[in-house]
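**Student:** Given only the sequences and the hints, what does the whole structure look like? Please build it.
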Amino acid sequence: MSFFRSLSLIIVTLCVTSGKVYTESNSSNGLTPFEKADLRRLLELDVSNLSQIPIKGVLGYEQEYWRNPASVHVIRPEDITLNGYLNSVEALRGVPGMHVSRGLAYDNFASMRNFSGFSTQKFLGKIGGREVSQLMLGSANYSVDDYPVAVIDRIEVIRGPGASIWGTNAVNGVLNLVTKHSANTQGNSVRLAIQDNGTFLGDYVHGGKLSDDSYYRFWVRDQEYAEGTLDSGLPARDDGYLRKAGFRFDKNLGSDLNLYIAGGFATRRVEHVLDLSNRLLHDPSKFVSDVRNLPAHPGFSLLSASNQQVVNNLVAILPSVVPPIPLSVSQQLGGVLALSPDLAALNAGLNAFLQPSLTYDLPSASSYPAAAWGANSNGTVNYPALNSISLLSGMNAGRIERYGEMTNDSAHIVSKVDGITDFDMEWSLTGSLDHTDIYMGHLGYEWEQTQYNLSFDANFPLADRHRISYGVATQHTDLDVKSEILDIFQFPGETLRPILDYDQSFTKFNRFTGYIQDSISSTDTILISVGAKVEENDLAGFGFQPGVRASWMANEQNIFWAGYAKTHRQPSLRERYTDLTPLWTWNSTTSKWESKTYEGDSSLDREEMDAYELGWRLRPSEDLLFELSTYYYDTQNAVRGATSLTSVNAYEAKDAKAFGGELSIDYRVSDLWRIRGGYSFARGEVEGARVYDFPENTASLSSHFKYSDEVTLIQNLFYSGKTEIPSDYNPITIPSHLRLDLGVVWQTKGDWEIGLFGRDLLESYHVETMYPGVDVEPARVERTFMLTLLKKF
Amino acid sequence: MLFFNSRFRKNLTSRRLFVLLGFFVAFSGMIPVDANTSLMDEKRRVARVQATYLTHLIKFTNWEQPDLPGKSESAKIIMLGEDKNGFVESFRFLASQSNMKIDGRDLEIIHLKQKLNSEAKLKLSQKPQVIFFLAESNFIVSDIKKLSPKSLMIGNGRDFVVEFDGDISFTNSKNRIRLIINKKTFSRNSPKLSSSISTLRNVVEIVR
Numbered sequence: 001m002s003f004f005r006s007l008s009l010i011i012v013t014l015c016v017t018s019g020k021v022y023t024e025s026n027s028s029n030g031l032t033p034f035e036k037a038d039l040r041r042l043l044e045l046d047v048s049n050l051s052q053i054p055i056k057g058v059l060g061y062e063q064e065y066w067r068n069p070a071s072v073h074v075i076r077p078e079d080i081t082l083n084g085y086l087n088s089v090e091a092l093r094g095v096p097g098m099h100v101s102r103g104l105a106y107d108n109f110a111s112m113r114n115f116s117g118f119s120t121q122k123f124l125g126k127i128g129g130r131e132v133s134q135l136m137l138g139s140a141n142y143s144v145d146d147y148p149v150a151v152i153d154r155i156e157v158i159r160g161p162g163a164s165i166w167g168t169n170a171v172n173g174v175l176n177l178v179t180k181h182s183a184n185t186q187g188n189s190v191r192l193a194i195q196d197n198g199t200f201l202g203d204y205v206h207g208g209k210l211s212d213d214s215y216y217r218f219w220v221r222d223q224e225y226a227e228g229t230l231d232s233g234l235p236a237r238d239d240g241y242l243r244k245a246g247f248r249f250d251k252n253l254g255s256d257l258n259l260y261i262a263g264g265f266a267t268r269r270v271e272h273v274l275d276l277s278n279r280l281l282h283d284p285s286k287f288v289s290d291v292r293n294l295p296a297h298p299g300f301s302l303l304s305a306s307n308q309q310v311v312n313n314l315v316a317i318l319p320s321v322v323p324p325i326p327l328s329v330s331q332q333l334g335g336v337l338a339l340s341p342d343l344a345a346l347n348a349g350l351n352a353f354l355q356p357s358l359t360y361d362l363p364s365a366s367s368y369p370a371a372a373w374g375a376n377s378n379g380t381v382n383y384p385a386l387n388s389i390s391l392l393s394g395m396n397a398g399r400i401e402r403y404g405e406m407t408n409d410s411a412h413i414v415s416k417v418d419g420i421t422d423f424d425m426e427w428s429l430t431g432s433l434d435h436t437d438i439y440m441g442h443l444g445y446e447w448e449q450t451q452y453n454l455s456f457d458a459n460f461p462l463a464d465r466h467r468i469s470y471g472v473a474t475q476h477t478d479l480d481v482k483s484e485i486l487d488i489f490q491f492p493g494e495t496l497r498p499i500l501d502y503d504q505s506f507t508k509f510n511r512f513t514g515y516i517q518d519s520i521s522s523t524d525t526i527l528i529s530v531g532a533k534v535e536e537n538d539l540a541g542f543g544f545q546p547g548v549r550a551s552w553m554a555n556e557q558n559i560f561w562a563g564y565a566k567t568h569r570q571p572s573l574r575e576r577y578t579d580l581t582p583l584w585t586w587n588s589t590t591s592k593w594e595s596k597t598y599e600g601d602s603s604l605d606r607e608e609m610d611a612y613e614l615g616w617r618l619r620p621s622e623d624l625l626f627e628l629s630t631y632y633y634d635t636q637n638a639v640r641g642a643t644s645l646t647s648v649n650a651y652e653a654k655d656a657k658a659f660g661g662e663l664s665i666d667y668r669v670s671d672l673w674r675i676r677g678g679y680s681f682a683r684g685e686v687e688g689a690r691v692y693d694f695p696e697n698t699a700s701l702s703s704h705f706k707y708s709d710e711v712t713l714i715q716n717l718f719y720s721g722k723t724e725i726p727s728d729y730n731p732i733t734i735p736s737h738l739r740l741d742l743g744v745v746w747q748t749k750g751d752w753e754i755g756l757f758g759r760d761l762l763e764s765y766h767v768e769t770m771y772p773g774v775d776v777e778p779a780r781v782e783r784t785f786m787l788t789l790l791k792k793f
Numbered sequence: 001m002l003f004f005n006s007r008f009r010k011n012l013t014s015r016r017l018f019v020l021l022g023f024f025v026a027f028s029g030m031i032p033v034d035a036n037t038s039l040m041d042e043k044r045r046v047a048r049v050q051a052t053y054l055t056h057l058i059k060f061t062n063w064e065q066p067d068l069p070g071k072s073e074s075a076k077i078i079m080l081g082e083d084k085n086g087f088v089e090s091f092r093f094l095a096s097q098s099n100m101k102i103d104g105r106d107l108e109i110i111h112l113k114q115k116l117n118s119e120a121k122l123k124l125s126q127k128p129q130v131i132f133f134l135a136e137s138n139f140i141v142s143d144i145k146k147l148s149p150k151s152l153m154i155g156n157g158r159d160f161v162v163e164f165d166g167d168i169s170f171t172n173s174k175n176r177i178r179l180i181i182n183k184k185t186f187s188r189n190s191p192k193l194s195s196s197i198s199t200l201r202n203v204v205e206i207v208r
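Heads up: the sequence lines are chains A and B, in that order.
Using my numbering, the first residue of the first sequence is number 1, and each one after it goes up by one.
Using my numbering, the first residue of the second sequence is number 1, and each one after it goes up by one.
Derived by calculation from the structure, the hints in this document are not laboratory data.
Computed from a predicted structure; not experimentally measured.
The reader is advised that the hints may include incorrect statements.
[What the hints assert, rightly or not] Below, in silico cross-link-like pairs of lysine to any residue (SDA-like), each with a Cα-Cα straight-line distance of 25 Å or less: (1) A/Lys706 x A/Glu753; (2) B/Lys192 x A/Asp524; (3) B/Lys174 x A/Glu710; (4) A/Lys209 x B/Asn202; (5) B/Lys184 x A/Asp213; (6) B/Lys174 x A/Asp46; (7) B/Lys183 x A/Leu253; (8) B/Lys127 x B/Glu108; (9) A/Lys36 x B/His111; (10) B/Lys43 x A/Ser232; (11) B/Lys43 x A/Lys209; (12) A/Lys416 x A/Ser377; (13) B/Lys174 x A/His181; (14) B/Lys174 x A/Ser48; (15) B/Lys59 x A/Arg41; (16) A/Lys209 x B/Asn99; (17) A/Lys251 x B/Val203; (18) B/Lys174 x A/Leu253; (19) A/Lys56 x B/Met40; (20) A/Lys749 x B/Val203; (21) B/Lys43 x A/Asp524; (22) B/Lys174 x A/Glu753; (23) B/Lys174 x A/Thr630; (24) A/Lys749 x B/Ala95; (25) A/Lys36 x B/Lys127; (26) B/Lys84 x A/Trp66; (27) B/Lys59 x A/Pro461; (28) A/Lys749 x B/Asn62; (29) B/Lys127 x B/Thr55; (30) B/Lys84 x A/His466; (31) B/Lys101 x A/Phe456; (32) B/Lys84 x A/Thr430.
[Claimed, not checked] Which bits of chain A does chain B cover? Going by a derived footprint, with three or more residues having C-beta under 8 Å, they are: (33) 44 to 55; (34) 68 to 82; (35) 243 to 256.
Ideal Cβ positions, reconstructed from N, Cα and C, are used throughout, including at glycine.
**Tutor:** Structural data, given as structure tokens:
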């Protein structure tokens, strides 16, 4: 019996055997488990927040509504501090369907469901009311955009597409970090986190009141990254710092008319590496063809038998076509051949008629910046392709890596006015200005992005059973992109090219969007939302993204939901307008260095995805919740990195499919003990071939046990299946790993919260990810111990 | 792999059209909606939010000792009227979850559904600390006030405060649940509502 048939059978059985049919007549006599759980949530709200609960909500915005036809996980600030997460990105580890992996000390990568690979690319990031994606890379840096825990109200993780409200790039889902109103951060709070390896995070938040209707806060944060270790034991050179500050001002302008202005800046200084081990190549085809042509030469028989045997031996071990190999390997080979007495004897026996001599022509040190390459040399690295050539078997490529400063300076300001009209229309007008300057010294690439956003959103009731939400938005982006030619690619006499070369014809982009959605209470048990978003985008053209979702409350304990959406992801500027020249090859026939350029592909169209989802929410009691979400994604023109050296473009559009699901459980065993767990399955295919850049199986289990009123014992267990990091020469398999974190948190009555956590306790270290094509090896995620202090005063 | 070659995969194109057709049908208002069924879910949500407000209001209220029962007795909260939306159960649940007390006294929550009969009169004459008039209540405010003048009177609708001199009422306005509060509730000695709640301009309207 197939998985889906089994699932259907289980669902039907549970529906039939559990719960009463949800009707007005019986539900009025008591509370359903969902309602009791909702009351617990409401009880945690103060009067001010309680007044924000709408009587009639908009499906897609009310993430904690149990009839919401979507797969949603909400992270609260206490989920971050109690579990010993340093920041909000780490907190995503506990969300089913998300895969968080640490690359270096300063970066955790969060990806959702499938096709994201290691990158935070295919879901929409909204932080503090603004979209944080960088057009250049099509991704966001959540570590830089993070906020102090004290100002975070919640983080909504919406898995699955939400295009009709959220719009372009909400492909695999939406991550929406909502900050608190300034009135809710009055006073002072300090959070300090210190790890035994030297990593430090400290932030301070101060909130005050200017008048009865206006409040403010400001905050500062410092994060110091301690240097880690690469898988091989070499230093990872990933130390550095991130410093941030921000503010928010809230004012009540009148009855149901509110304003806030928030802003902040961040500066980060770290180093990053570019793996050059496969970037300086030698094409040995002249030597190979010289050898292979000799036996066919009419004069070959004039050679001595021993010399003929030398040639035949060489022919036997040399393939007919040898691809360019790293110069470091060729230099080893050239050295071996130069010392070979057989080759010396053969050359002595050759004559001008046959072949003047068989020489393995290597570039002279003066033809390329040999000193710069030598300065970046650092041992050897595995180069699996050499094993297929018996002459080269056992050799390693030279490990060459160039470190460069990577800086990130950003500032933003966002303002929002919202209100409710006398005819119940809720509206908001939001404007934001973002400026980011990112310099990637290891690549010699820098861009400054200035982005202006203006949006208007509204919703209003239409008759008793409809709530119409609609909105329009515009975004304008200015870019200033610079490239420099690194010292390692300064080839005398050659036409030089930077590694990344942006097409300066495209530095201004506009996006206009509009959406409309109707939330329909069709019956008391069926909710439907239908809507569509239209978009005119300089990067993705005109798009129409419809979506329909529905939930059915089968009985008091079971809710089923389904959704279909067509969503778009716009290609990044890196994919579309940036030429990549990652390597140079010595052509021994022409005795010249030649660069290989993969062009940006301006014809890359938007990715279009048809997404189908089914979900089931079962709450047997207010203490126990099961959620199952399944999905099937059919993507056209999915942008994938080119995998062949002969590719014309750096990225290629391919059709891809993915399916999977998440099962989560939230069980309050007693007033003292709560368990939460999740299991995710995700499988993807690109053009019919399975891909493994996202773990097929992930799981988590979290336990919070209140030992006393003040002391809580924490346990978190995470499992991630194996992944493969693609590479043009040395794919890395990241083994499956199990991670155990244990902690104890002491919450005193004096508003102190002191936590002691041991992280990754099961093994001294494991590896989780690396930047494909950039890093030579992943860094260790090591066992650490962390002390956290949180004080409100 | 089998999944991708299944009938489901082959039929996807036609299913897409079906889904899109459904979308247009729904969006053009052709999905039949049951106009006669009340929006129970909404009403029950209102009841839950009101019940939560009530827990806060009780915490924000101070009673003088003569208006409270003996130390070993329970404080009383009386709900009057029919409850079709789960308000009473919601409040009971919240009181239990938060271990709610009034000045250290346990709570007794009494629900009187019928009209002012002798049993109701007896209960009301036992100095309940809070009397809540449910939306479906037929009880007359002035009658109840005569029986229990020192109770905090909470009800529904603007008129409950403006016309009938109740203390606090809930109103549904602009898709939110708000509070109308009688000014005297802040100024009298008992039961006295904390003035801190009056600063919530979007939530509270103070009248009379």
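**Student:** Could you tell me which of the hints above the structure violates, numbers in ascending order?
**Tutor:** Numbers 2, 3, 10, 11, 12, 16, 20, 22, 23, 25, 27, 31, 32, 34 - these are the hints that the structure violates, sorted from lowest upward.
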